[in-house]
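K.L.:
The primary structure of each chain is shown beneath.
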Amino acid sequence: MRLDIIKRSFILTGIFISFFFIVSSIAPAGTIDLFTSEKGDIKISGGTAHIPVMKDAAKQIMEHNRDIRISIAGGGSGVGIKQVGEGLVDIGNSGRKPTDDEIQKYGLKLFQWAIDGVGVIVNPQNPVKALSKTQLSEIFAGKTTVWKALGGPDKLINVYTRDNSSGTREVFWEKALDKGEITDKANVVVSNGAMKTAVANDPYGIGYVSVGHMDNSTAPVILDGAEPTIDNVKNGSYKIARGLFSNTKGEPKGLVKKFIDFLFSPEGQQIAAKNGFIPVK
Amino acid sequence: MKERFIEIFIKSFAWLSGLLLLSAAFVIIGFLLVKGVPTLSLSLIFGDTSPADALLLRRQVLTGLFPAMAGTCLLVLLSVGLATPVGLAAGIYLAEYSRGNLKSFFSLFYDILAGVPSIVIGLFGFSLAISLHHYVKEIYPCLLISALALAFLVLPYLIRTTQFAMESIPSETRLTAPALGATKLQNIAYVLFPRSLPGIASGVILAIGRCAEDTAVIMLTGVVAAAGIPGSLLSAYEALPFYIYYISSQYRDAYELQTGYGAAVILLIICACLFLAAFYLKNQLMDRMLYRQ
Amino acid sequence: MKRECFAETGFLGAAVLSASLTALILIFMLFLGFPLFRGGCFFTLLTTPWNPDKGLFGIYPMLAGTLSIVFLSLCWAFPLSLGASALISVIAPTGFAKFCKKTVQMLTGIPTVIYGFVGVFLLVPFIREMFASGSGMSILSASLMLSMVISPTMILIFTDTFESIPASYSAAADALGASPVQKLLYVILPYSRQGIFAGLILSVGRAMGDTLIALMLAGNAVAVPGSILDSARTLTAHIALVIAADFDSIEFKTIFAAGLVLYVFTTSLILLVRIIGGMGMKNR
Numbered sequence: 014m015r016l017d018i019i020k021r022s023f024i025l026t027g028i029f030i031s032f033f034f035i036v037s038s039i040a041p042a043g044t045i046d047l048f049t050s051e052k053g054d055i056k057i058s059g060g061t062a063h064i065p066v067m068k069d070a071a072k073q074i075m076e077h078n079r080d081i082r083i084s085i086a087g088g089g090s091g092v093g094i095k096q097v098g099e100g101l102v103d104i105g106n107s108g109r110k111p112t113d114d115e116i117q118k119y120g121l122k123l124f125q126w127a128i129d130g131v132g133v134i135v136n137p138q139n140p141v142k143a144l145s146k147t148q149l150s151e152i153f154a155g156k157t158t159v160w161k162a163l164g165g166p167d168k169l170i171n172v173y174t175r176d177n178s179s180g181t182r183e184v185f186w187e188k189a190l191d192k193g194e195i196t197d198k199a200n201v202v203v204s205n206g207a208m209k210t211a212v213a214n215d216p217y218g219i220g221y222v223s224v225g226h227m228d229n230s231t232a233p234v235i236l237d238g239a240e241p242t243i244d245n246v247k248n249g250s251y252k253i254a255r256g257l258f259s260n261t262k263g264e265p266k267g268l269v270k271k272f273i274d275f276l277f278s279p280e281g282q283q284i285a286a287k288n289g290f291i292p293v294k
Numbered sequence: 127m128k129e130r131f132i133e134i135f136i137k138s139f140a141w142l143s144g145l146l147l148l149s150a151a152f153v154i155i156g157f158l159l160v161k162g163v164p165t166l167s168l169s170l171i172f173g174d175t176s177p178a179d180a181l182l183l184r185r186q187v188l189t190g191l192f193p194a195m196a197g198t199c200l201l202v203l204l205s206v207g208l209a210t211p212v213g214l215a216a217g218i219y220l221a222e223y224s225r226g227n228l229k230s231f232f233s234l235f236y237d238i239l240a241g242v243p244s245i246v247i248g249l250f251g252f253s254l255a256i257s258l259h260h261y262v263k264e265i266y267p268c269l270l271i272s273a274l275a276l277a278f279l280v281l282p283y284l285i286r287t288t289q290f291a292m293e294s295i296p297s298e299t300r301l302t303a304p305a306l307g308a309t310k311l312q313n314i315a316y317v318l319f320p321r322s323l324p325g326i327a328s329g330v331i332l333a334i335g336r337c338a339e340d341t342a343v344i345m346l347t348g349v350v351a352a353a354g355i356p357g358s359l360l361s362a363y364e365a366l367p368f369y370i371y372y373i374s375s376q377y378r379d380a381y382e383l384q385t386g387y388g389a390a391v392i393l394l395i396i397c398a399c400l401f402l403a404a405f406y407l408k409n410q411l412m413d414r415m416l417y418r419q
Numbered sequence: 376m377k378r379e380c381f382a383e384t385g386f387l388g389a390a391v392l393s394a395s396l397t398a399l400i401l402i403f404m405l406f407l408g409f410p411l412f413r414g415g416c417f418f419t420l421l422t423t424p425w426n427p428d429k430g431l432f433g434i435y436p437m438l439a440g441t442l443s444i445v446f447l448s449l450c451w452a453f454p455l456s457l458g459a460s461a462l463i464s465v466i467a468p469t470g471f472a473k474f475c476k477k478t479v480q481m482l483t484g485i486p487t488v489i490y491g492f493v494g495v496f497l498l499v500p501f502i503r504e505m506f507a508s509g510s511g512m513s514i515l516s517a518s519l520m521l522s523m524v525i526s527p528t529m530i531l532i533f534t535d536t537f538e539s540i541p542a543s544y545s546a547a548a549d550a551l552g553a554s555p556v557q558k559l560l561y562v563i564l565p566y567s568r569q570g571i572f573a574g575l576i577l578s579v580g581r582a583m584g585d586t587l588i589a590l591m592l593a594g595n596a597v598a599v600p601g602s603i604l605d606s607a608r609t610l611t612a613h614i615a616l617v618i619a620a621d622f623d624s625i626e627f628k629t630i631f632a633a634g635l636v637l638y639v640f641t642t643s644l645i646l647l648v649r650i651i652g653g654m655g656m657k658n659r
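Chains as they are written, first to last, in the working numbering: chain D, 14 to 294; chain E, 127 to 419; chain S, 376 to 659.
Any given hint could be a false lead.
Here are the simulated PhoX-like cross-link-like pairs (lysine-lysine), alpha carbons at most 25 Å apart as the crow flies [claimed, not checked]:
(1) S:477 with S:377
(2) E:263 with S:628
(3) E:408 with S:477
(4) D:252 with D:72
(5) D:247 with D:110
(6) D:118 with S:473
(7) D:270 with D:294
(8) S:377 with E:310
(9) S:558 with E:137
(10) D:266 with D:118
(11) S:476 with D:110
(12) E:137 with S:473
(13) E:408 with S:377
(14) D:262 with D:142
(15) S:473 with E:408
(16) D:262 with E:263
(17) D:247 with D:287
(18) D:247 with D:146
(19) D:118 with E:310
(20) E:263 with D:52
(21) D:118 with S:558
(22) E:137 with S:476
(23) D:266 with E:408
(24) D:192 with S:429
(25) D:156 with S:429
Over the 12 Å line for every Cβ pair with chain S, so calculated as not near, a few chain D residues [as the list claims (entries may be wrong)]:
(26) 144
(27) 150
(28) 291
Sample of chain E residues facing chain D (criterion: CB under 7 Å; computed from the structure) [as the list claims (entries may be wrong)]:
(29) 351
(30) 357
(31) 380
(32) 384
Think of the hints as simulated: they come from the structure by calculation, not from any bench. By construction, the Cβ of each residue, glycine as well, lies at the ideal position given by its N, Cα and C atoms.
Construct all of the structure, not just a fragment, from the sequences and the given hints.
P.N.:
As structure tokens, then:
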């Protein structure tokens, strides 16, 4: 048993070393090399749409240099902005532009590194795949309560929403619901990831999520004829769009600046594109 | 006739509730084991890093459960390390020094502390960190704050088990050393404390289990979704129970969900082992006391 | 002698330190929630709904959510625990009773988050399909799982009480030719009334203080629940959700009100247990 583990670890190490050599021999010298002699911690929190990109970026950087530690927490855009403002984290992400008040109060510096949309999702089993804005508002206000009224099964509609600190909620509420009411009977989930999981598991659920997070576990809903895809956000035919921001308190310095630079580098922008967002460069 | 009916009714109700509870428990554990055990493997824990490198901290594990397990271990060590000396000392005071009103006053406070919901203790830890942050810039919710808050959580259990273990020492044993001229402190240090060690140890182990499983406290005091092995006491960290909660609400794909099941089985195994250890020690204590009496 | 004195002071210091934590937590809650008490709006908070968009920050829906989940979970857990304890202490053959008790003791060691995890993937889909109303994240799901969490402790308290009846009582009943069930009904239960009550109250505190089950299974909606299939939010889950969200705002201050309510509730339960004679406590 013991021997087996040792043997396996040797093989794994071997694979890893050869993999490392291959990668390092073909990878062009890029922004990642900026991190080579760095050391220290970066603390990131806030927007949950950002998390996959942050994780991938952190992984690349930490694989490159093990003296750098990057911790990533969620919480929502509101948390990100306040935590970075209070100096509790180095980078506070937000899925909405911080308000002028927030920028002034905390002396925030904004970095928008990608564009994203917010789209409505339902379970793939649900036959209702297109809605008008009015229908959507009535669903979220709790006025339309059965799928049958929309051509679906004779089941109650389970509305999912986000907590108040969510930037996704804010954008959705402003641009899709025109600041209309969201029923207080709605189930509340804590992140974009949790929204997707909840709707993927609930055949009669409806929710809204960052376009970058959509995959085939849920089905996008065509809103007023426009499908929430990244292409439609790009060409402007899908209107519920927003920027993804990483904010720092004052001008970023040292390691944090390098991290922000990395997000804007070809490697960083490629990570954003891979995760379903529109790169800004 | 009526008596007979009542008798049958009560008997069947008792059997029914007992079996219902047992079967519910077996369904829960069985479900977890069936789904979780097949996922257990070295790559679940270490991802694509080699275990030797990970354990020697030569490389960071970025896709496995290793950082969460290490975080939980560090957390448990720190919080139990902080709570045990204070808890034992307070327990000894309660058992050996305090009398009457003072004793019931203290024990009331400990009972209240034991009853305070863990989320409230987490909230306390969080606000402590935020208040301290205004004075010391380096302090924010982190490993140290979580460990402190967890120490507060288990302190009353430690105090009460210590007190109980010391008080249940038979008076023959208790009086021997003083009769031979030992002082009170000598009696405690050489007779009473060693004799109650199994009971105290089982209390400590239960406290370890409590720290390992608690999620409410740590989610307010510094645990995050991704951090790697914490570099210092003031870093954010990952932990197994939080990972399980996090995955349950927001797994990205089938593989991540699998790791959630794996994490749950690992946590279950850890807690079961701790529990069995505590149980064994407690039984030893019982046996010894029966034998000596 | 000096060392004696020194040690005693040390022990006393530890005891005072631990006891002062209890007070310190209360003081922190009061201090940070203080802005809410000015103008007496603390009690308004307890009776108004939560809708930050409209400037309403009341915690009444969470209070209602907590009470309904706690009440319902006790409705499942109390009879079940009473029945199971009777089985273990009186009715079952010795071997099986021992097995049951060991299992129950093991169950107390299962992490809450694991109950929640299984609940999400097993119970919630089941409830959703079974009742075909709502998402399955409901008071019902949360209370069922919560009853699994509190039952083991309740059973252990009950069996301890049942087994602590004086041997002479038990022998008297046996001598009169009472059947096990008669002994349970006329000797054990009347004698254990206080212990049962204490166990029940401690379980209320436990159920009220639990965060994870409600957070994971109850759906967290901020409406006052109208049926057991509705989604609801407890005070504990509210603290977890809002803290994840914010600080420095009124919203954040209201979670100290929620914390305070929980603190006061659980403290009064402990006091109640003491007042009814502390019998349950002494046996623990």
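K.L.:
Check each numbered hint against the structure and report the violated ones by number, ascending.
P.N.:
Hints 1, 4, 6, 11, 13, 14, 19, 21, 23, 31 and 32 not satisfied by this model.
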